[in-house]
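Q: Sequence:
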Amino acid sequence: MNAEHFVKFLQFFQSHVHASVDDPVLLILDNHESHSSIAGLNYCKANGIIVLSSPPHCSHKLQPLKRTIYDPLKKCVNAQCDNWMTSNPGRTMTMYDIPGIVAKALPLVVTYQNIVSGFECTEISPFNPDIFQEYEFLTNSVTDREYPFTFVDPEKVYLNATDSDAADQKTKSIPWLYPCLIMVIHCGGT
1 MNAEHFVKFL
11 QFFQSHVHAS
21 VDDPVLLILD
31 NHESHSSIAG
41 LNYCKANGII
51 VLSSPPHCSH
61 KLQPLKRTIY
71 DPLKKCVNAQ
81 CDNWMTSNPG
91 RTMTMYDIPG
101 IVAKALPLVV
111 TYQNIVSGFE
121 CTEISPFNPD
131 IFQEYEFLTN
141 SVTDREYPFT
151 FVDPEKVYLN
161 ATDSDAADQK
171 TKSIPWLYPC
181 LIMVIHCGGT
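Under this note's numbering, the first residue of the sequence shown carries the number 1, and numbering increases by one thereafter.
I should point out that these hints are in silico values taken from the structure, not numbers from a laboratory. Possibly wrong hints are sitting among the right ones.
What the hints assert, rightly or not - Here are the computed lysine to any residue pairs in the SDA-like style, where the Cα-Cα straight-line distance is at most 25 Å:
id	residue 1	residue 2
1	Lys-75	Thr-92
2	Lys-66	Asn-114
3	Lys-75	Ile-101
Claimed, not checked - Derived Cβ-Cβ restraints for the label pairs, each shown as a range:
id	residue 1	residue 2	range
4	Cys-81	Val-21	27 to 37 Å
5	Val-21	Ile-115	25 to 35 Å
6	Leu-65	Pro-89	42 to 52 Å
Here the structure is a predicted model, which is why all the values come from computation and not from measurement. Backbone N, C-alpha and C fix where the C-beta goes; we use that ideal spot for every residue, glycine too.
Please take these sequences and the hints and turn them into a complete structure.
A: In structure tokens:
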């Protein structure tokens with residue numbers, strides 16, 4: 001999903017819910033970057049769509065159906081796909097086969113008990129106001145670390161140059177080394 005697709009989704013959403021400034025609707029979203037685009041938020045504001053974004057990395061606590069419906073459905077659909085491929089050797093699965101596969105998986109997963117247990121295991125019902133611990137409100141310290149490397153200017157890298165002849169070797173610098181350094185840094189090399 002990107003910002004452009006998100007605006008298209010909002011237009012589709014609006015065509016079905018018919019929200020307005022006088023009759024707004026609430027749209028609860030995860031904290032994906034595309035959901036914060038200026039164009040998308042302006043569209044929501046103009047059309048009476050109130051956006052509530054959940055904190056990052058909280059789907060296991062705030063999205064009950066993700067735990068008890070969507071994740072198991074994904075596994076069940078994958079198992080049904082495996083069964084289909086075993087039953088249809090040499091045949092390529094097409095988009096026309098998918099509805100039949102999903103139709104077999106849905107009744108196995110989307111049950112009253114699974115839906116209710118989703119709200120119970122996330123402690124939304126019965127409500128637990130202490131579902132989040134204090135440490136979970138802290139910022140992610142891993143992203144606040146400084147880079148563990150120092151910048152190397154490729155113009156100052158010389159092949160087999162000593163300090164005394166570095167000035168003479170300036171024409172033998174290796175400008176192609178910079179992309180290699182970037183590659184090493186991003187791959188975690190030293």
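Q: Now look at each hint and say whether the structure bears it out.
A: Evaluation of the provided hints:
no.	hint	verdict
1	Lys-75 to Thr-92	holds (20 Å)
2	Lys-66 to Asn-114	holds (11 Å)
3	Lys-75 to Ile-101	holds (12 Å)
4	Cys-81 to Val-21: 27 to 37 Å	violated (45 Å)
5	Val-21 to Ile-115: 25 to 35 Å	holds (33 Å)
6	Leu-65 to Pro-89: 42 to 52 Å	violated (35 Å)
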